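2 protein chains.
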Amino acid sequence: MLKRKTILLTLFFVALCYAANACHVLPKQKAQTNIMTDKPYPITLVIHGGAGTILKQNMTDSLEQQYRQALEQALLAGYAVLQNGGTSLNAVQAAIVFMEDSPLFNAGKGAVLTNEGTVELDAAVMDGKTGSAGAVAGIKTVKNPILAARKVMENSPHVMMTGTGADAFAKEQGLEIVDPAYFITDYRLRALQKILEQEKTDTTGYRIELSESGKEKYGTVGAIALDQYGNLAAGTSTGGMTNKRYGRIGDSPIIGAGTFARNSTCAVSATGHGEFFIRNVVAYDVSALMEYLHLPVQEAAKRVIFDKLLPQGGFGGLIALDQQGNFTMPFNSEGMYRGYMNAKTAKPQVFIFKDE
Amino acid sequence: MLKRKTILLTLFFVALCYAANACHVLPKQKAQTNIMTDKPYPITLVIHGGAGTILKQNMTDSLEQQYRQALEQALLAGYAVLQNGGTSLNAVQAAIVFMEDSPLFNAGKGAVLTNEGTVELDAAVMDGKTGSAGAVAGIKTVKNPILAARKVMENSPHVMMTGTGADAFAKEQGLEIVDPAYFITDYRLRALQKILEQEKTDTTGYRIELSESGKEKYGTVGAIALDQYGNLAAGTSTGGMTNKRYGRIGDSPIIGAGTFARNSTCAVSATGHGEFFIRNVVAYDVSALMEYLHLPVQEAAKRVIFDKLLPQGGFGGLIALDQQGNFTMPFNSEGMYRGYMNAKTAKPQVFIFKDE
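Going line by line, the protein sequences match chains A and B.
If you count by the working numbering, then the first sequence holds residues 1 to 356, one letter each, in order.
If you count by the working numbering, then the second sequence holds residues 1001 to 1356, one letter each, in order.
To be clear, the hints were calculated from the coordinates, so they are not data collected in a lab.
All values derive from a computational prediction rather than experimental measurement.
Beta carbons: idealized from backbone N, C-alpha and C, even for Gly.
If a hint is listed, it holds; no wrong ones were tucked in.
Over the 12 Å line for every Cβ pair with chain A, so calculated as not near, a few chain B residues:
#1 1065
#2 1069
#3 1077
#4 1143
#5 1185
#6 1326
#7 1342
Facing chain A, from chain B, some residues (calculated, C-beta under 10 Å):
#8 1114
#9 1120
#10 1158
#11 1163
#12 1165
#13 1166
#14 1167
#15 1244
#16 1249
#17 1250
#18 1251
#19 1275
#20 1276
#21 1281
#22 1283
#23 1288
Turn these sequences into a full structure, and let the hints steer you where they fit.
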């Protein structure tokens, strides 16, 4: 008798769900419980804003404050999505859109300039639940490249689109298109001019990406998140390297190199000297170390950044997060703009330098 | 006394080597012995010419013969390099250049056409000894895309170049530039026209890559080699998918997805539905399974193609080779143009269908 009641109730519930879904009155999925721990998934957001030669002595207090504030706001924007029952994909997107819109970071507005004084933007996003992914490279007119990557993932049979074709697709999808001048800031113009002058007296080939101190800096923004449904997501967006040419693409838009997400292992977004990150398939390697050697996320990420990349001279860092909410933000450069927010923190936690 | 003699002789030999190197009179490295087996490395070349719906009943005897001959000639071209003491990189390059020049394969001349009736070619190469890599995507004027990828690897600080920038770089490097019409064959023009007509009556979005039988076919060429110095190399070249648009890039030029090489594990070149191969980081995954789970190359490749890709509907295949000369050519599609040559075979061994 009880069994029949249960069956009927279940059938009723299923029918209700279908009806609700059909009428689009089911706005939220139900929060899930982690079957491993029997606890709700701990919503978590981790972001980065680039790694490199970032030293306190090279930065004014005012600029440092601006970066900290921007990182906090990006975290708040993304975390609000998670708190309101939103998905990790939407949280990642919200945090990255904020950083793309900020002129402080090398992504969207404020991106570094190519040799020709233009911007060429790259972005990627990956869904840890389904394994689907989208990426754009070398786009010039889409206000928020991360949204273009999301459209490629969701509304095309492809993973990666490039150049004017990718711009055209984004426009067809109704994304906001801007004049390329929108992206250009005085700061990045001066950086390009400086590097072009250095090039004149330098016979070692063309120079790429120098920070104010003359050392390398790798600006890129990224976000990874875990939502209450237990789904991981990762996203990355960048302008690449100052003075880049020949349609150069770094690791950011390459699935497996700069961006990767899989629920059973981790979500990863990387920032650094892209060529090293591509050759070492960095983001997927963190996942592979977890899957095949059963390393915890912190240990897997540490091994890639310090044991594999550092001896090769591959400078940079990454953020990685697993389905239990464990995360790590290792880097082998002088600094990395970074931060996180989860249920244990009342407010966003942000860091820039090494010993924070 | 003997010790001093040995030291002096060693010093003399080192000085001689330096002098010879400086004068460029040291054309060949010495063949190496595998310290694990104390035997010389068994030079090996493995190639593929694409996977997909390749069935005997859909192919005339004459066409089948043409494919078999072309595969044999590509193997002979690459193997001659290895036999003459050349490097695995040069062997891979020779085999791929042959297939790019042949109108039979979807790479270089005879590549499939984009929605606009043009060609957009992708290629990548990786050196298993140094881990360096080069790739080009969306190029339109370079006769042999694999040579452009090699130039990116050796003469630029980058790994990946795209679009007109990549074409410009190749031209600066002195590579042969051709009129885009060079690549176009009647066969591919008809294939595009057919697909465009199907699209008119199909409301499910745009169609990509259909073979004569109406099923999917993934043309791409690739080669992997082991030279007598114990160095592995991998290369891949493709025209992508018929009717592709929006600057779509598949797995071929993506290091870790379609192409990967590392002396300590394997060299891999893949062919198939590129989007699945990107999302699953296929080429590097074979390497990771060997490195972390110590699987033999055959087992690692099999696991990726059958246990991981097949359940997702990710059709295609790959070729993989380790430093001991063990190799494998698994595919989960109906057929794959493929072949190999090593010391044990008096002549090239080529295969097309499943049960060969």
